[in-house]
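Peer 1: Here the protein sequences come in this chain order: F and R.
Using this note's numbering, the letters of the first sequence map in sequence onto residues 23 to 200.
Using this note's numbering, the letters of the second sequence map in sequence onto residues 212 to 351.
Hints in this document: simulated from the structure, not taken from any laboratory.
Here the structure is a predicted model, which is why all the values come from computation and not from measurement.
Some hints could be false.
Some chain R residues close to chain F (C-beta under 10 Å, calculated; not the full set) [unchecked claim]: (1) 269; (2) 296; (3) 301.
For glycine and all other residues, C-beta sits at the position ideal for the given N, C-alpha and C.
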Amino acid sequence: MKPRFLLPLLVFAGLVAFFAIGLERDPSRVPSPLIGRPAPDFELPGLADPERTVGLDDLLGRVSLLNVWATWCVGCRQEHALLLEIANSGEAPLFGLDWKDDRGAALAWLEELGDPYEAVAFDETGRVAIDWGVYGAPETFLLDADGTVLYKHLSPLTQAVWEQEFLPRIRAARGDAP
Amino acid sequence: MRRIAAALLASVWLSALAIDSEPAFEDPELQARFEHLTGQIRCLVCQNNTIADSNAGLAADLRAEIRSMLADGRSDAEIIEFLTARYGDFVLYRPPWAPRTWLLWLAPLILLGLGVVVAARIVVARSRLPIEDDADARAE
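The task is simple: from the sequences and hints, build the whole structure.
Peer 2: Structure, rendered in structure tokens:
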């Protein structure tokens, strides 16, 4: 067989590979430009006590997690049990950013489902969430001790994501032996 | 009955006209820039909409943000930079011209070039074939 008859087949194989890669990628997961960059500074009233502010300073000094959630977010309810487990594991302190929410509803939510957060910042207008590039709760950020964003997960956390994406990065950032 | 119909029509028309409750800029130039900017930013919640025509909460927040930045006298480039620093180039419906997007922008030209080369080779190859048509042969 002449090689030129193989050409259309090769072109076809190339297209199949191209589309296979394209179909595997989920366009709703937009990579964050914040990864590897300093986390945006913020200071907001706390959820439990508006007089006490919660800000980036609270997160610094150790590897920490920031979870963006809201009571109107279905996926947040889905991941809540895992958040409680993560908080209990003591791997990294978990902070919350309550995004465009109702304070009463949010407090009732934590009362009902349990409170995994060390502190929750109450972002009523969503202005801080814009700085963090948040576009769909739940989103979970991992920060190192200096406040550099190491990783961002979109959509509800799962055990697999926690073990495969978060734990290795947390341990590496803490400087644990692998 | 007519009045009710007229009122309904008017309300539909008005709500189609203004997606936000904020009034338009008094300065028509600012308003034009606002409309131009919001028309080229992708709404990340509903990705096939621009933030100009999406009624998602985030799109409304971003419109308000752009509105206040324009009112503060920030340039279009600063506003685009503000958005891409937070949401990445994906918020732009028109990707920037950068090394990593060269292939994207040049792909149509490259494919067109390949097509021209293939077509030219076929035409040249055919033109060198001996004439086999009897009618043509008789005419000579």
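Peer 1: Give a verdict on every hint.
Peer 2: Hints, verified against the model:
1. 269: holds, 6 Å
2. 296: Nearest chain F Cβ about 6 Å off; hint holds.
3. 301: holds, 5 Å
In summary, the structure agrees with every hint in the numbered list given earlier.
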